[in-house]
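Residue numbers (the numbering used here), protein chains in the order written: chain E, 1 to 337; chain B, 1 to 337.
Any given hint could turn out to be false.
Heads up, the list lumps identical chains together, so a pair's fine if it works in one copy or across two of them.
Unchecked claim - Within a straight-line C-alpha distance of at most 20 Å, the following computed SDA-like cross-link-like pairs (lysine to any residue) qualify:
1. Lys83 <-> Val68
2. Lys95 <-> Arg80
3. Lys193 <-> Asp152
4. Lys193 <-> Leu57
5. Lys51 <-> His18
6. Lys74 <-> Lys201
7. Lys193 <-> Cys155
8. Lys74 <-> Gln187
9. Lys95 <-> Leu48
In short, the hints are calculated from the structure, not lab data.
Protein chains: 2
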Amino acid sequence: MTRVTLAVDAMGGDFGPHVTVPAVLQALGTYPFLEIYLVGFLDTLQPLLVKADSSLLTRLHCVNAESVITSDVKPSLAIRQSKNSSMRLALELVKENKAQACLSAGDTGTLMGLALMLLKSLPQIRRPALMGLLPNPSQGQMVILDIGANLDADCEMLVQFALMGHVVAEQMLGIATPRIALLNVGQEESKGKESIRQAAKILRQQSAIRYTGFLEGSELLTGRADVVVCDGFSGNVALKTLEGAIRFFLRRTEESHSVWRRLTQTLFSRSTDKIDPDKHNGAFLLGLSGVVIKSHGAANQQAFLAAIEQSILTVQRQLSQRVAGQLATVVARSDKT
Amino acid sequence: MTRVTLAVDAMGGDFGPHVTVPAVLQALGTYPFLEIYLVGFLDTLQPLLVKADSSLLTRLHCVNAESVITSDVKPSLAIRQSKNSSMRLALELVKENKAQACLSAGDTGTLMGLALMLLKSLPQIRRPALMGLLPNPSQGQMVILDIGANLDADCEMLVQFALMGHVVAEQMLGIATPRIALLNVGQEESKGKESIRQAAKILRQQSAIRYTGFLEGSELLTGRADVVVCDGFSGNVALKTLEGAIRFFLRRTEESHSVWRRLTQTLFSRSTDKIDPDKHNGAFLLGLSGVVIKSHGAANQQAFLAAIEQSILTVQRQLSQRVAGQLATVVARSDKT
Chain E
1 MTRVTLAVDA MGGDFGPHVT VPAVLQALGT YPFLEIYLVG FLDTLQPLLV KADSSLLTRL
61 HCVNAESVIT SDVKPSLAIR QSKNSSMRLA LELVKENKAQ ACLSAGDTGT LMGLALMLLK
121 SLPQIRRPAL MGLLPNPSQG QMVILDIGAN LDADCEMLVQ FALMGHVVAE QMLGIATPRI
181 ALLNVGQEES KGKESIRQAA KILRQQSAIR YTGFLEGSEL LTGRADVVVC DGFSGNVALK
241 TLEGAIRFFL RRTEESHSVW RRLTQTLFSR STDKIDPDKH NGAFLLGLSG VVIKSHGAAN
301 QQAFLAAIEQ SILTVQRQLS QRVAGQLATV VARSDKT
Chain B
1 MTRVTLAVDA MGGDFGPHVT VPAVLQALGT YPFLEIYLVG FLDTLQPLLV KADSSLLTRL
61 HCVNAESVIT SDVKPSLAIR QSKNSSMRLA LELVKENKAQ ACLSAGDTGT LMGLALMLLK
121 SLPQIRRPAL MGLLPNPSQG QMVILDIGAN LDADCEMLVQ FALMGHVVAE QMLGIATPRI
181 ALLNVGQEES KGKESIRQAA KILRQQSAIR YTGFLEGSEL LTGRADVVVC DGFSGNVALK
241 TLEGAIRFFL RRTEESHSVW RRLTQTLFSR STDKIDPDKH NGAFLLGLSG VVIKSHGAAN
301 QQAFLAAIEQ SILTVQRQLS QRVAGQLATV VARSDKT
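Same shape as in the complex, but just chain E (with noise of 0.2 Å):
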């Protein structure tokens, strides 16, 4: 299998190497044709490394960072004083062609800036967005934009994730049409903000995509959508409000009577993986000219081994270039209607 490079900014996130090295270090032993680049601080990487089996230190290559950008520093700030830090250097190594992809569950608003500082935003989106998958209860996933990388959207911005989104659900998803919705507090057309009724009225006139109108977040997991489209802030409190209630119910499950536990297997065994958080992690941060993936922050493990198998996937599928590609051609279409 063609080999696939990553660069992983071990200090990003809760917990740090303590987490994401175990996790690099089961993905290196998985995947047989995976390379990363393993950016933090040389002192608290080594240690964590004496005990790995050395075949897969062949494949692992240590860069020494000077700082960690940490989630209580403002963006703006934290890029100012990015220089040799590790998110920044992961993202250089990308930048530079020698990682196909950046994976840090660091700041999701300095990572943003940083990838955009970096890597430019492609020629026909203005800001990109971070992109999520949800669980579709009926059938596979579905995508929701964004999900924090911008607090506030305006219409041009929800109309360019609106057309990201549908580029990836049928690039990635292989959803033929795929039925796309804005986040909203009601469904009639009058309801909501001036920005997403103004994006609904652009979006109604677009051939090149399905638009299916208004969705409330009691709509999630119904199925109902295949593309969910919202600024960053609400984006990231349905997504992270789904999470919790996921996690909620899940843990229920897994605490109570060990008959409850076995049926549970029994029967739900496929839903609940596939709606398990823990299982699902990575958001894609769709428009720009290079692979940047977000694992959340509070990931453990398996939840970063999840971001790391999402980073291949993106990789493998080449959906970088194919959303820009295709990204033209809808732009192009859509600003002929």
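Dock chain B against chain E, hints included.
Below, chain B without anything else, positioned relative to chain E:
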């Protein structure tokens, strides 16, 4: 028991009188102290009342409306055209002190605008907020506001919502020093919109309340806060997403195997009851000189009955008067700090 008189907008919501009338009759049958003004098209209401127990009808007063405010009209326009509409007439019954509370499942924005125009806000409050209750899995319930009355909220509004939430959690839920949190995309001080970060700064300095920091969507079911404060758009998204997820799991439980169902009933009965959105309905429009309760638009008979019961409780506990009184004290104390 002291009489409770409600004005019910019979025409609001997705199903109008077909849901509101049976729920009203059920409530009158259950609560002998209840009296209801039912506002709607008499031609529509009367056929639905012919089979009702005549003893109930002595406590039911039908009021004829000439129009209905539908959810597909922008609030500003709907308010201009609201004369003799069922929603407005129901609110006027409160203004004229004929009813102690108004209940409607109609459009939130219009209800908010009309209520503000007819009943006025409390002197300390710039904009009323729609308050919802969420199940707190560990104990009782928690307050969330705003859930849709104000799609945007600046710093001052968020601070006022926090103060109102404090009073409601104390007076309605009996929580001695309620923990107040701001809904945000991360927990660190640097995260989120400027308005939220500014509100956090102000709330941290208030000795009158117990501010506990930012809360993410994923923490809504962890019981970490008693009051969750947010703008109406993200609050609506959070609440509805949670409701959708809960419905998804409860439905799945109901549909499945009978052994599973029996086990659910044995193990989960109390807790699923606590978190079933159909058994919790009725959002309080907080900060007005009068009691206005909003039922969600898609309410079925059971859910609308729950909203009637919520309205009764709000009146019986004199919540509106207690909020007004306490708010004056809290605002005075917070102004000093």
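Comparing the hints with the structure gives:
no.: 1; hint: Lys83 <-> Val68; in the structure: within (10 Å within a copy, 62 Å between copies)
no.: 2; hint: Lys95 <-> Arg80; in the structure: within (18 Å within a copy, 57 Å between copies)
no.: 3; hint: Lys193 <-> Asp152; in the structure: both (11 Å within a copy, 8 Å between copies)
no.: 4; hint: Lys193 <-> Leu57; in the structure: neither (52 Å within a copy, 43 Å between copies)
no.: 5; hint: Lys51 <-> His18; in the structure: within (14 Å within a copy, 69 Å between copies)
no.: 6; hint: Lys74 <-> Lys201; in the structure: between (35 Å within a copy, 15 Å between copies)
no.: 7; hint: Lys193 <-> Cys155; in the structure: both (10 Å within a copy, 18 Å between copies)
no.: 8; hint: Lys74 <-> Gln187; in the structure: between (36 Å within a copy, 13 Å between copies)
no.: 9; hint: Lys95 <-> Leu48; in the structure: neither (28 Å within a copy, 70 Å between copies)
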